[in-house]
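Colleague: Listed below are the residues making up each chain.
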Amino acid sequence: MLIKVFRQLLQLLTFKLNPSADSGYYDVLCAVGNFRRCTTVFAAWLADCPEYSDLHHLKQHVCFWCECPKNKLGEYVPPDKQHPWRDHNLYHTISDADTKAANAKLSSCHGH
Amino acid sequence: MLRHIPCIISYLPKPDFLHSIQIGRLDHRQKWIFHIMKTHERLDNYNAILLSVPAYHDLTPKNKSYEEGSQWSGKKMKEMSRYLLGVVTQSLRGGSPAQRPIFNHAIECTRALSEFYMYARYKSHDDATLSYMEDALSRFHTFKDVFLLGRAGKKAKGKANALRIELVKKRTVDEETNAETWMPSKKRREMNAWWDNISHDIDVSKEFDADFNFLKIHLMSHWVEQIRRYGALQQYSAERHEQAHKTNLKDSWNASNHNLNYLPQEITFQRRILCLEVRELNLQALAQRRENSAAACKVLPSGADLAAPMRPQSYAKPEFMGPQHRSEGKHPDAIIKDFKALLDNTHDATHRVAIYSRTRECIKHKSRNKTYISDEQLHAIELCIYHGIKVQVEGLDGERITQMCRCTGSQSWRSGDQRNDWVWGTQCPGRCYGVLNGRLSWQLQQLFNIKLQNEDGAFVEYWLALALTTIPENSGNLDLVSKFVQVRKAPAAIALQVFRVGNIVGCAHVIPEMATSCKTGDGRKERWIVNSHIDLATWNDVYN
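As given, the protein sequences belong to chains W and Y, one line each in that order.
Under this note's numbering, residues 1 to 112 are what the first sequence spells out, in order.
Under this note's numbering, residues 1 to 544 are what the second sequence spells out, in order.
Chain W on its own, in the form it takes in the complex (with noise of 0.2 angstroms):
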């Protein structure tokens, strides 16, 4: 039920925030009449990163802007050889799927 309600409340914020998929910022009217550019920083009050994992579904100890693997974790990426970004819809696909091959494709994103 708390889930649920969470749920409805974050789709509810985000919905009407409305980020660009480009940038990621939103504009909001100001109370002086301007606007301003806003972007949305989530999980400011969380210490540290289990919680971050945790509310992305994913591993323990594992990147969540990109999909580098556990043990390539200390190594140097360059900045024009950066591992693929996370694409959060395509582990809901997934996920909802619920196959084997789902699974596993899930778990190789450590994903859960």
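Do not rely on the hints blindly, as some may be mistaken.
[Claimed, not checked] Below, in silico cross-link-like pairs of lysine to aspartate or glutamate (EDC-like), each with a Cα-Cα straight-line distance of 16 angstroms or less:
(1) K159/Y / E225/Y
(2) K154/Y / D209/Y
(3) K70/W / D211/Y
(4) K144/Y / E51/W
(5) K169/Y / D201/Y
(6) K78/Y / E239/Y
(7) K216/Y / E67/W
(8) K62/Y / E382/Y
(9) K154/Y / D211/Y
(10) K206/Y / D145/Y
(11) K81/W / E134/Y
(12) K76/Y / D58/Y
(13) K76/Y / E242/Y
(14) K216/Y / E75/W
(15) K216/Y / E51/W
(16) K451/Y / E382/Y
(17) K123/Y / E399/Y
(18) K216/Y / E399/Y
(19) K72/W / D211/Y
(20) K72/W / D174/Y
(21) K81/W / E225/Y
(22) K250/Y / E266/Y
(23) K75/Y / D58/Y
(24) K390/Y / D58/Y
(25) K75/Y / E242/Y
(26) K155/Y / D203/Y
(27) K72/W / D145/Y
(28) K38/Y / D58/Y
(29) K78/Y / E242/Y
(30) K451/Y / E399/Y
[Said to hold, decoys possible] Pulled from the structure, derived: some chain W residues nowhere near chain Y, Cβ distances all over 10 angstroms:
(31) N34
(32) G74
(33) P78
(34) Q82
(35) W85
(36) R86
(37) A97
(38) T99
(39) K100
(40) A101
To be clear, the hints were calculated from the coordinates, so they are not data collected in a lab.
The C-beta atom is built at its ideal place from N, Cα and C for all residues, glycine as well.
Position chain Y relative to chain W; hints supplied.
Modeller: Only chain Y this time, still in chain W's reference frame:
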């Protein structure tokens, strides 16, 4: 949970400066440095230098070493990162030819992390600063293997212990087999060789099993991209939110009656404060609007006035901070009334001679007629001693910062050691000391003000400072490994100088070569490195 939200979820998390850098990575770095100091038997020296780091205008000296502190908060970590590289550089000075490459790599790696942290703290970025960040990160990854032993976890240590037991058994068998054939000297040599072999194999085993595969190291590789996307990192730091715990929760809790209905009271308390803040902002906005409308009615300046060149920003002269009230019984050793009394109360003979001769030289040099002052005149001069000086400096973003340089002379500071801060003293314009840009770091010894009567009867005030002077080594050029400038004490004849406080342009920070604190024993006070990592303004002035 977030998968049901109609937005790009990867955009939501922002880099948290406090937890991923200040508490996370800096804490790891401390542990690695601690390990390398312990391995190479430099821990005593490291702790001694750490405890003898001098004060800065917003930095108090530490009284606990790293292992003595039970918990290191983000604030303490941030403070320590301001001088850690200097302490590591001074601790790892010298060493055998085999140790030197390891020490150099450790300094390089620490420097790379410090530089990455310094650049990440910038409030605005451009392509150059972001490329410097990338460069620092790649250098860190190049040299990080020097700290690999410090990353050995329980599993690696367990495997190394098993290997050790196995090797010790082999050594015992070898010893028993050759017990009759080996002479005592041969036996000693063989045993030493065995121990070297065992320790080497254990290190290799630990290094093989240890790695840097943890999240906080990896997150740094995303930061440049995050800065390009969302701007400077400081604005997403959780530091602000954690500071707000005090004002939002603790203050209102203290204001409540601590009973069961404390929550409505806290909310009412916060509401009142917010109402007052909003009212204050409204009043400020109204006042600003009135000023703007008044300014609009003024006559505009003529073309000549507009064409006049902008005057450079003038900064206030250094300002002394209150005379010491010695007559109140706090310091019954002396009541300074005149110059002779100051000389009599200066216990150090070198200081006494320096104050006497240098003050006379300074007054002679600065006075209009270059008049010579006799001993009687000098002794009768009215004098007042001060314990600090306020200097206005320009910050990295052009804002004015007031720095307070303390100088307690031989007296204690807050029931501790005496506090005589280091300051930047400007030199002749023609003399440039490499990256120091014509400035030298000097240690204040005494701050005083004297009044002198001219030949025409008018009184002239001189605001003077006695300081321990230094001269730069290597012409003020940066050290190749640590990128610090080293200075040493000036020759004894000119070591103590009296100069006008107008020459002080800000606070400086240095790290001594050896321990100088009374708690850690004797130490030489002759060579220091100028700590350019103390703040961003000094970093920009001194580093390049």
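Colleague: So, for every hint listed, does it hold in this structure?
Modeller: Structure-based check of each hint:
{"no.": "1", "hint": "K159/Y / E225/Y", "verdict": "39 angstroms, violated"}
{"no.": "2", "hint": "K154/Y / D209/Y", "verdict": "10 angstroms, holds"}
{"no.": "3", "hint": "K70/W / D211/Y", "verdict": "11 angstroms, holds"}
{"no.": "4", "hint": "K144/Y / E51/W", "verdict": "28 angstroms, violated"}
{"no.": "5", "hint": "K169/Y / D201/Y", "verdict": "14 angstroms, holds"}
{"no.": "6", "hint": "K78/Y / E239/Y", "verdict": "11 angstroms, holds"}
{"no.": "7", "hint": "K216/Y / E67/W", "verdict": "15 angstroms, holds"}
{"no.": "8", "hint": "K62/Y / E382/Y", "verdict": "38 angstroms, violated"}
{"no.": "9", "hint": "K154/Y / D211/Y", "verdict": "12 angstroms, holds"}
{"no.": "10", "hint": "K206/Y / D145/Y", "verdict": "12 angstroms, holds"}
{"no.": "11", "hint": "K81/W / E134/Y", "verdict": "13 angstroms, holds"}
{"no.": "12", "hint": "K76/Y / D58/Y", "verdict": "13 angstroms, holds"}
{"no.": "13", "hint": "K76/Y / E242/Y", "verdict": "15 angstroms, holds"}
{"no.": "14", "hint": "K216/Y / E75/W", "verdict": "12 angstroms, holds"}
{"no.": "15", "hint": "K216/Y / E51/W", "verdict": "14 angstroms, holds"}
{"no.": "16", "hint": "K451/Y / E382/Y", "verdict": "6 angstroms, holds"}
{"no.": "17", "hint": "K123/Y / E399/Y", "verdict": "13 angstroms, holds"}
{"no.": "18", "hint": "K216/Y / E399/Y", "verdict": "33 angstroms, violated"}
{"no.": "19", "hint": "K72/W / D211/Y", "verdict": "10 angstroms, holds"}
{"no.": "20", "hint": "K72/W / D174/Y", "verdict": "42 angstroms, violated"}
{"no.": "21", "hint": "K81/W / E225/Y", "verdict": "12 angstroms, holds"}
{"no.": "22", "hint": "K250/Y / E266/Y", "verdict": "9 angstroms, holds"}
{"no.": "23", "hint": "K75/Y / D58/Y", "verdict": "12 angstroms, holds"}
{"no.": "24", "hint": "K390/Y / D58/Y", "verdict": "13 angstroms, holds"}
{"no.": "25", "hint": "K75/Y / E242/Y", "verdict": "11 angstroms, holds"}
{"no.": "26", "hint": "K155/Y / D203/Y", "verdict": "14 angstroms, holds"}
{"no.": "27", "hint": "K72/W / D145/Y", "verdict": "15 angstroms, holds"}
{"no.": "28", "hint": "K38/Y / D58/Y", "verdict": "30 angstroms, violated"}
{"no.": "29", "hint": "K78/Y / E242/Y", "verdict": "15 angstroms, holds"}
{"no.": "30", "hint": "K451/Y / E399/Y", "verdict": "34 angstroms, violated"}
{"no.": "31", "hint": "N34", "verdict": "14 angstroms, holds"}
{"no.": "32", "hint": "G74", "verdict": "3 angstroms, violated"}
{"no.": "33", "hint": "P78", "verdict": "8 angstroms, violated"}
{"no.": "34", "hint": "Q82", "verdict": "7 angstroms, violated"}
{"no.": "35", "hint": "W85", "verdict": "5 angstroms, violated"}
{"no.": "36", "hint": "R86", "verdict": "5 angstroms, violated"}
{"no.": "37", "hint": "A97", "verdict": "13 angstroms, holds"}
{"no.": "38", "hint": "T99", "verdict": "18 angstroms, holds"}
{"no.": "39", "hint": "K100", "verdict": "20 angstroms, holds"}
{"no.": "40", "hint": "A101", "verdict": "19 angstroms, holds"}
Hint check: violations occur at hints 1, 4, 8, 18, 20, 28, 30, 32, 33, 34, 35, 36; the rest are consistent with the structure.
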